[in-house]
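S.K.: Please work from the sequences and hints to get the whole structure.
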Amino acid sequence: MFSLMICGSENKIVLNRLEIKQITRYLNEKYILVSNSIIKPNASNPIPQICYKRVGVVLDGDCKGASHVLYQCGLDKNFDLKYHWLIFTSHSNYSVLFNGVNINIDVNIRVAYPALASLGIDAEFIIDDVYNPAFNRGGTLIKEVVGQYDGSKYQVKQQTNKFWDRRNLTGITFRTMTVFHEGNWNGTPEEYLESNEHKEKNTYSRFHGRLMSYCTKHYGYRLNISWLTDYGYKSINGVMVGLSGELQKGTIDFGLSALSARMDRVRAMTLGRHTWKLRSAFIFKNPKSKNSFELFIRPMTFKVWTVLVLSLLLAIFITRTCSTFDYSVNDTSWTVSCLSVIASLSQQGLLIVPRRTPARICVLSTLLLTTMVYLFYSGCLVSSLLNVPLLTVKTIQDLLDLDLKIALENVTLNKEYFKFADDDASKEMYRRWIHGRENSAYMNPTDGLELAKAGTLAFHVEIDKAYTFLRENCDDEEVCEFKEVQLFRPRNMYATYPKHSPFRDMIDVCLQRIAEAGVLEKEYQFWRATKPICVYRYHLNMGMAEFYPVLIFVPLGILMSLLILLIEIIIYRYNIRYLIFVN
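Residue numbers (this note's numbering): 189 to 771.
I should point out that these hints are in silico values taken from the structure, not numbers from a laboratory.
We put the beta carbon where it would ideally sit given N, CA and C, even for glycine.
Hints may contain errors.
Computed list of lysine-lysine pairs in DSSO-like fashion (alpha-carbon distance at most 27 Å, straight line) [claimed, not checked]:
(1) Lys252 <-> Lys389
(2) Lys473 <-> Lys719
(3) Lys582 <-> Lys615
(4) Lys422 <-> Lys615
(5) Lys437 <-> Lys607
(6) Lys341 <-> Lys389
(7) Lys687 <-> Lys671
(8) Lys603 <-> Lys422
(9) Lys437 <-> Lys270
(10) Lys719 <-> Lys465
(11) Lys465 <-> Lys389
(12) Lys345 <-> Lys465
(13) Lys389 <-> Lys350
(14) Lys265 <-> Lys437
(15) Lys241 <-> Lys345
(16) Lys465 <-> Lys607
(17) Lys350 <-> Lys265
(18) Lys422 <-> Lys607
(19) Lys270 <-> Lys341
(20) Lys241 <-> Lys350
(21) Lys593 <-> Lys671
(22) Lys491 <-> Lys465
(23) Lys387 <-> Lys405
(24) Lys405 <-> Lys603
(25) Lys465 <-> Lys615
(26) Lys331 <-> Lys265
(27) Lys473 <-> Lys387
(28) Lys641 <-> Lys465
(29) Lys270 <-> Lys252
(30) Lys671 <-> Lys465
(31) Lys710 <-> Lys582
(32) Lys345 <-> Lys270
(33) Lys687 <-> Lys405
(34) Lys465 <-> Lys687
Computed Cβ-Cβ distance ranges for the label pairs, DEER-style [unchecked claim]:
(35) Ala449 <-> Glu638: 28 to 36 Å
(36) Ser278 <-> Gln700: 39 to 47 Å
(37) Pro678 <-> Leu329: 39 to 47 Å
(38) Glu378 <-> Pro302: 33 to 41 Å
(39) Asn372 <-> Ile330: 40 to 48 Å
(40) Ser278 <-> Ile330: 32 to 40 Å
M.R.: The following block contains the structure:
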């Protein structure tokens with residue numbers, strides 16, 4: 189959108205109607221939409237609000253009241269990236285037009301004035317680029333010749349990014365603020381941001397501050413840094429606090445700590461380029477099994493166990509039936525038949541040696557079945573002990589199903605998450621483990637990770653802190669026992685500015701140059717902790733937790749035998765009394 193703003197009044201216009209139509213027709217042929225408006229110099233709002241991404245403004249600088257127009261447009265923020273200005277003047281000494289005008293490093297202003305013959309320039313107009321590095325921070329007006337117009341064509345110097353041409357901000361001091369929400373530190377904020385010690389604390393604030401220090405050196409300005417302990421959320425009374433509140437009030441020029449995107453923050457400030465990805469997850473030791481009995485049941489499914497038991501019962505029935513008609517078998521009771529099948533299942537041989545062919549076929553089939561079952565079961569059991577325990581925990585609901593206590597790092601981000609969580613698993617977690625237990629549900633990273641190492645806690649913490657702890661406190665094999673489950677997806681952290689900040693694009697361009705030069709990746713490698721290497725050693729070390737189900741069978745067998753003995757004694761005495769009574 190190109191808005192042709194004509195300086196004058198409704199009754200007296202500098203350009204006549206025909207000239208306006210000619211300019212409009214020419215721009216339309218170039219596929220540029222034109223809106224003709226008249227600037228009223230003494231109006232409180234000389235330029236109407238136009239809802240387009242780009243607006244071009246042409247102004248006659250010699251018009252009476254042009255200074256007031258520029259001044260008022262500075263108050264109305266009509267010099268941001270949306271507006272492209274072309275100002276005509278009759279002389280090169282036009283600085284007085286911009287006295288007290290709030291323009292900054294992001295403006296797009298070109299001033300055209302006649303070329304003097306004494307300068308020896310073969311051109312009709314000389315074009316200047318005009319800007320102020322920082323109007324409210326002691327900046328002065330800067331004018332640079334960028335081209336000339338000879339009546340038929342516009343000759344311009346080689347075009348580069350305007351922030352590269354305007355990168356000299358020496359003498360400018362910006363007010364900024366950073367957040368240190370954990371740990372004690374010594375010295376000034378500048379010294380702490382330059383320090384590399386304990387990089388697991390205040391990581392993404394110091395990372396972003398390091399990037400901003402490169403921009404400081406690139407542009408040559410200075411920083412007046414203050415600090416606080418809160419990134420900033422909307423309080424109960426609806427007011428933003430912390431760093432977000434300072435940006436909303438405009439007391440600082442930009443933030444020195446990156447912030448994640450939230451609806452309340454987007455309404456209060458402007459977010460720039462993302463620099464850091466915040467990763468958090470629950471860290472816990474993977475339980476080997478929910479129940480040690482599963483170790484002995486796991487090799488076969490319920491259907492297989494059912495078919496196996498029915499097959500053994502059928503084998504007992506056939507063995508008992510065949511033994512009854514085999515006169516070579518002395519004991520044909522059900523007990524002997526059961527013990528014979530059980531003996532064949534445990535590879536201990538048979539108590540019955542039949543002579544008839546049907547009985548031998550039955551015994552042979554039983555031996556073949558029990559041998560195959562024995563080999564298959566023992567092989568699966570050994571492989572289950574040797575392999576890494578497979579307990580798939582991929583979601584928060586899976587984590588809640590485990591018999592583990594849950595706690596979170598004591599940071600505002602975790603507390604704020606449950607205020608807006610709408611999934612059932614998060615709500616259940618808050619109800620079971622957090623509500624009414626805030627003192628124990630939130631703890632510092634060291635204590636929480638120590639409990640997670642002991643296997644009694646699932647602790648939600650920044651991944652970089654967890655990796656640093658595991659590398660320093662766990663060996664390569666123990667690292668394999670830890671698992672991760674995300675409570676929320678990784679969040680991008682963005683550079684922060686007040687609303688309508690004139691320095692947003694300046695710093696974002698610098699951050700992009702840092703990324704393109706590979707410096708951003710270099711800083712990532714330094715500040716981001718890598719996952720410790722898991723080295724699993726294949727050796728079997730069975731403890732009582734896995735072995736005690738086997739030991740239970742011995743006392744169970746003894747109790748069963750005593751119970752059967754007691755029943756036999758009762759039956760025996762009953763029979764004796766019955767015989768005495770009959771006789």
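S.K.: Now tell me if each hint is right for this structure.
M.R.: Do the hints match the structure? See the list:
{"no.": "1", "hint": "Lys252 <-> Lys389", "verdict": "violated (60 Å)"}
{"no.": "2", "hint": "Lys473 <-> Lys719", "verdict": "holds (15 Å)"}
{"no.": "3", "hint": "Lys582 <-> Lys615", "verdict": "holds (17 Å)"}
{"no.": "4", "hint": "Lys422 <-> Lys615", "verdict": "holds (21 Å)"}
{"no.": "5", "hint": "Lys437 <-> Lys607", "verdict": "holds (25 Å)"}
{"no.": "6", "hint": "Lys341 <-> Lys389", "verdict": "violated (59 Å)"}
{"no.": "7", "hint": "Lys687 <-> Lys671", "verdict": "violated (42 Å)"}
{"no.": "8", "hint": "Lys603 <-> Lys422", "verdict": "holds (13 Å)"}
{"no.": "9", "hint": "Lys437 <-> Lys270", "verdict": "holds (23 Å)"}
{"no.": "10", "hint": "Lys719 <-> Lys465", "verdict": "holds (16 Å)"}
{"no.": "11", "hint": "Lys465 <-> Lys389", "verdict": "holds (16 Å)"}
{"no.": "12", "hint": "Lys345 <-> Lys465", "verdict": "violated (40 Å)"}
{"no.": "13", "hint": "Lys389 <-> Lys350", "verdict": "violated (37 Å)"}
{"no.": "14", "hint": "Lys265 <-> Lys437", "verdict": "holds (17 Å)"}
{"no.": "15", "hint": "Lys241 <-> Lys345", "verdict": "holds (26 Å)"}
{"no.": "16", "hint": "Lys465 <-> Lys607", "verdict": "holds (22 Å)"}
{"no.": "17", "hint": "Lys350 <-> Lys265", "verdict": "holds (19 Å)"}
{"no.": "18", "hint": "Lys422 <-> Lys607", "verdict": "holds (12 Å)"}
{"no.": "19", "hint": "Lys270 <-> Lys341", "verdict": "holds (25 Å)"}
{"no.": "20", "hint": "Lys241 <-> Lys350", "verdict": "holds (19 Å)"}
{"no.": "21", "hint": "Lys593 <-> Lys671", "verdict": "holds (15 Å)"}
{"no.": "22", "hint": "Lys491 <-> Lys465", "verdict": "violated (49 Å)"}
{"no.": "23", "hint": "Lys387 <-> Lys405", "verdict": "holds (22 Å)"}
{"no.": "24", "hint": "Lys405 <-> Lys603", "verdict": "violated (37 Å)"}
{"no.": "25", "hint": "Lys465 <-> Lys615", "verdict": "holds (25 Å)"}
{"no.": "26", "hint": "Lys331 <-> Lys265", "verdict": "holds (21 Å)"}
{"no.": "27", "hint": "Lys473 <-> Lys387", "verdict": "holds (25 Å)"}
{"no.": "28", "hint": "Lys641 <-> Lys465", "verdict": "holds (26 Å)"}
{"no.": "29", "hint": "Lys270 <-> Lys252", "verdict": "holds (26 Å)"}
{"no.": "30", "hint": "Lys671 <-> Lys465", "verdict": "holds (20 Å)"}
{"no.": "31", "hint": "Lys710 <-> Lys582", "verdict": "violated (32 Å)"}
{"no.": "32", "hint": "Lys345 <-> Lys270", "verdict": "holds (23 Å)"}
{"no.": "33", "hint": "Lys687 <-> Lys405", "verdict": "holds (25 Å)"}
{"no.": "34", "hint": "Lys465 <-> Lys687", "verdict": "holds (23 Å)"}
{"no.": "35", "hint": "Ala449 <-> Glu638: 28 to 36 Å", "verdict": "holds (33 Å)"}
{"no.": "36", "hint": "Ser278 <-> Gln700: 39 to 47 Å", "verdict": "holds (40 Å)"}
{"no.": "37", "hint": "Pro678 <-> Leu329: 39 to 47 Å", "verdict": "holds (45 Å)"}
{"no.": "38", "hint": "Glu378 <-> Pro302: 33 to 41 Å", "verdict": "violated (49 Å)"}
{"no.": "39", "hint": "Asn372 <-> Ile330: 40 to 48 Å", "verdict": "holds (44 Å)"}
{"no.": "40", "hint": "Ser278 <-> Ile330: 32 to 40 Å", "verdict": "violated (22 Å)"}
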